[in-house]
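Line order of the protein sequences matches chains A and B. Just so you know, we're using the numbering used here here: the first sequence kicks off at 18 and counts up by one. Just so you know, we're using the numbering used here here: the second sequence kicks off at 18 and counts up by one.
Among the hints, erroneous ones may be present.
Put simply, identical chains are the same to the list, so a pair is met inside one copy or across any two.
[Stated by the list, open to error] With a straight-line cut-off of 25 Å between C-alpha atoms, the simulated BS3-like cross-links for lysine-lysine are:
| no. | residue 1 | residue 2 |
| --- | --- | --- |
| 1 | Lys310 | Lys197 |
| 2 | Lys310 | Lys271 |
| 3 | Lys43 | Lys277 |
| 4 | Lys76 | Lys40 |
| 5 | Lys134 | Lys305 |
| 6 | Lys310 | Lys62 |
| 7 | Lys305 | Lys271 |
| 8 | Lys129 | Lys177 |
| 9 | Lys305 | Lys197 |
| 10 | Lys134 | Lys76 |
| 11 | Lys237 | Lys271 |
| 12 | Lys310 | Lys134 |
| 13 | Lys43 | Lys197 |
| 14 | Lys43 | Lys271 |
| 15 | Lys197 | Lys134 |
| 16 | Lys62 | Lys197 |
| 17 | Lys62 | Lys292 |
| 18 | Lys43 | Lys129 |
| 19 | Lys197 | Lys129 |
| 20 | Lys305 | Lys177 |
By construction, these hints were calculated from the structure, which means they are not laboratory data. Since we're looking at a predicted model, the values are computed, not measured.
2 protein chains.
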Amino acid sequence: MVTTDEQTTATTSLDFDLAAYLKAKKLQVETALDRAVPASREFPKIYEAMRYSLLAGGKRLRPILCLATCEMLGGTADLAIPTACALEMIHTMSLIHDDLPAMDNDDYRRGKLTNHKVYGEDIAILAGDGLLAYAFEYIAAQTAEVSPQRVLQVIAYLAKASGAMGIVGGQVADLESEGKPDISLDRLEFIHVHKTGALLAACVVCGAMLAGATEEDVQKLTQYAQNIGLAFQIIDDILDVTATREELGKTAGKDAAAQKATYPSLLGLEASQQKADRLIAEAIAQLKDYGTKAEPLRALAGFITSRKN
Amino acid sequence: MVTTDEQTTATTSLDFDLAAYLKAKKLQVETALDRAVPASREFPKIYEAMRYSLLAGGKRLRPILCLATCEMLGGTADLAIPTACALEMIHTMSLIHDDLPAMDNDDYRRGKLTNHKVYGEDIAILAGDGLLAYAFEYIAAQTAEVSPQRVLQVIAYLAKASGAMGIVGGQVADLESEGKPDISLDRLEFIHVHKTGALLAACVVCGAMLAGATEEDVQKLTQYAQNIGLAFQIIDDILDVTATREELGKTAGKDAAAQKATYPSLLGLEASQQKADRLIAEAIAQLKDYGTKAEPLRALAGFITSRKN
Chain A
18 MVTTDEQTTA
28 TTSLDFDLAA
38 YLKAKKLQVE
48 TALDRAVPAS
58 REFPKIYEAM
68 RYSLLAGGKR
78 LRPILCLATC
88 EMLGGTADLA
98 IPTACALEMI
108 HTMSLIHDDL
118 PAMDNDDYRR
128 GKLTNHKVYG
138 EDIAILAGDG
148 LLAYAFEYIA
158 AQTAEVSPQR
168 VLQVIAYLAK
178 ASGAMGIVGG
188 QVADLESEGK
198 PDISLDRLEF
208 IHVHKTGALL
218 AACVVCGAML
228 AGATEEDVQK
238 LTQYAQNIGL
248 AFQIIDDILD
258 VTATREELGK
268 TAGKDAAAQK
278 ATYPSLLGLE
288 ASQQKADRLI
298 AEAIAQLKDY
308 GTKAEPLRAL
318 AGFITSRKN
Chain B
18 MVTTDEQTTA
28 TTSLDFDLAA
38 YLKAKKLQVE
48 TALDRAVPAS
58 REFPKIYEAM
68 RYSLLAGGKR
78 LRPILCLATC
88 EMLGGTADLA
98 IPTACALEMI
108 HTMSLIHDDL
118 PAMDNDDYRR
128 GKLTNHKVYG
138 EDIAILAGDG
148 LLAYAFEYIA
158 AQTAEVSPQR
168 VLQVIAYLAK
178 ASGAMGIVGG
188 QVADLESEGK
198 PDISLDRLEF
208 IHVHKTGALL
218 AACVVCGAML
228 AGATEEDVQK
238 LTQYAQNIGL
248 AFQIIDDILD
258 VTATREELGK
268 TAGKDAAAQK
278 ATYPSLLGLE
288 ASQQKADRLI
298 AEAIAQLKDY
308 GTKAEPLRAL
318 AGFITSRKN
């Protein structure tokens with residue numbers, strides 16, 4: 018038995034089956050989300066609208082990052098699953114609101130009609146509000162076996178990442194950049210660090226906090242998360258140029274149409290891919306002290322640069 | 018000195034100066050709100066938009082109810098001020114989103130142009146999102162000298178009141194009732210219990226929780242809050258018929274224009290006023306065990322039926 022354990026511990030990245038890991042975790046997350054936001058007899062329409070977007074598929078990268086980080090640091094998935102669900106609720110809220118006619122005016126998301134195309138703008142706005150409020154209720158009410166002090170830290174961190182200094186602030190900066198293809202690389206990075214990076218960092222940092230991470234863990238993992246967040250966005254920009262709507266499940270070529278600066282437009286495709294690769298390599302370097310337990314986070318970082326949607 | 022204390026304890030409702038109390042508490046709340054959401058150099062536009070609506074005046078009834086309840090039960094204002102601010106942030110968020118063209122399409126609020134008329138629909142949606150997220154961050158990060166367990170209860174209660182089973186669910190039911198002047202009184206009450214009542218109840222219940230209320234306190238105060246919440250809405254409906262835009266600081270006569278059922282349209286003006294008065298009397302009856310410490314809550318209940326805007 019000892020030999021078996023040692024063999025497991027000695028697993029290298031070549032042996033780690035990311036596809037199987039992602040499939041299992043995605044199922045775990047989707048089962049939990051379906052339970053977290055059940056259909057309602059008292060409030061049928063708003064729950065239907067919330068569930069429509071929340072359960073519309075997607076990679077579930079954010080909750081998976083949260084679970085993977087908590088487990089890497091010795092926590093169980095149970096500790097992190099309410100926060101993992103909340104992360105997906107907040108991500109879904111931001112997609113529903115971003116897609117509105119007053120914002121990016123998108124008709125498709127995750128291969129389906131956007132929320133407001135199905136339920137109307139009024140319900141879509143309210144479905145987003147409902148998901149955002151519920152995310153915090155769900156963490157506060159459902160997180161068991163973690164000290165209340167730590168749960169409050171998670172709520173504060175996640176709320177900050179969701180608000181005016183995170184997703185919301187990044188989205189405002191993004192809206193301001195439309196029609197300005199000549200903004201600087203610094204400004205572009207500012208947009209993405211907030212619009213996408215803040216919530217991705219929260220996935221990892223909140224997963225770490227729930228497992229009882231040290232300050233040093235949180236520092237390394239924040240760096241890991243910020244790097245993969247930025248790389249994720251660079252790849253998003255590249256895919257907007259190179260992929261089709263069918264591959265993306267959402268409208269392609271939108272950045273060029275909106276005259277938006279992107280990594281490819283500022284750096285070119287090749288240099289953009291190199292920058293993403295470098296960020297990922299640096300992210301993986303932050304994990305060197307965690308041994309084989311870090312396999313999921315290493316593989317997830319690699320997955321970001323190789324994804325096709 | 019003992020005599021002075023006894024005299025204070027013997028203060029009757031006739032001696033309680035509500036106007037002075039409201040003025041002092043409003044100042045306390047507005048100072049706290051101004052500090053809670055400062056202007057930002059990094060994110061200037063979104064903070065300006067959030068501050069525009071948050072600091073636009075208003076009666077500050079919700080935060081004052083929270084502070085008054087906490088103090089009635091022996092807590093200090095310091096314990097409750099972060100939650101009191103959060104309540105006003107959430108209330109403001111719901112006003113900003115309700116006023117959007119896709120919802121009630123209002124041009125004026127609190128006597129000023131609505132958020133989207135000044136900043137555009139996109140920023141108004143995001144300002145609401147930012148305020149909602151920040152409300153929970155602010156409670157989680159700023160509440161001192163209350164056990165973390167109790168702070169989590171406050172967050173869970175308030176988030177529920179803000180979401181699909183509270184404000185959001187009530188607003189959906191309200192939108193569904195437009196153009197249906199023949200809905201039942203039960204349905205009308207359902208709308209208001211959720212759209213307005215849930216957050217008003219949260220003000221009182223969260224203030225009580227922060228002060229360390231017993232289960233019995235919470236039960237009585239929930240009844241108090243639900244009654245004044247419903248009475249508040251009935252008076253709102255009455256004022257929509259009888260007051261002018263100048264008095265209200267927002268568009269008057271909107272309910273009739275939207276063919277919405279209201280208490281006056283279903284019961285008549287006189288019976289509506291009587292129902293509001295009865296609800297207030299029952300609310301005040303819930304406070305009988307709290308003696309003179311309940312003067313602010315008693316006076317606030319009375320204020321609701323006598324207000325002119």
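Against the structure, the hints come out as follows:
1. Lys310 <-> Lys197: neither (44 Å within a copy, 60 Å between copies)
2. Lys310 <-> Lys271: neither (39 Å within a copy, 61 Å between copies)
3. Lys43 <-> Lys277: Neither: 33 Å inside a copy, 45 Å across copies.
4. Lys76 <-> Lys40: Close inside one copy (9 Å), not across copies (52 Å); limit 25 Å.
5. Lys134 <-> Lys305: Neither: 46 Å inside a chain and 52 Å across chains, both beyond 25 Å.
6. Lys310 <-> Lys62: Result: close neither inside a copy nor across copies, 43 Å intra and 43 Å inter.
7. Lys305 <-> Lys271: neither (38 Å within a copy, 63 Å between copies)
8. Lys129 <-> Lys177: neither (30 Å within a copy, 29 Å between copies)
9. Lys305 <-> Lys197: Neither way: Lys305 and Lys197 sit 40 Å apart in one copy and 64 Å across, limit 25 Å.
10. Lys134 <-> Lys76: Answer is within; shortest intra-copy Cα gap is 22 Å, inter-copy 37 Å.
11. Lys237 <-> Lys271: neither (34 Å within a copy, 55 Å between copies)
12. Lys310 <-> Lys134: Close neither inside one copy (43 Å) nor across copies (53 Å); limit 25 Å.
13. Lys43 <-> Lys197: Neither way: Lys43 and Lys197 sit 38 Å apart in one copy and 43 Å across, limit 25 Å.
14. Lys43 <-> Lys271: neither (28 Å within a copy, 47 Å between copies)
15. Lys197 <-> Lys134: between (28 Å within a copy, 24 Å between copies)
16. Lys62 <-> Lys197: Answer is between; shortest inter-copy Cα gap is 17 Å, intra-copy 39 Å.
17. Lys62 <-> Lys292: neither (44 Å within a copy, 30 Å between copies)
18. Lys43 <-> Lys129: within (19 Å within a copy, 48 Å between copies)
19. Lys197 <-> Lys129: Classified as neither; 30 Å inside a copy, 32 Å across copies.
20. Lys305 <-> Lys177: neither (29 Å within a copy, 42 Å between copies)
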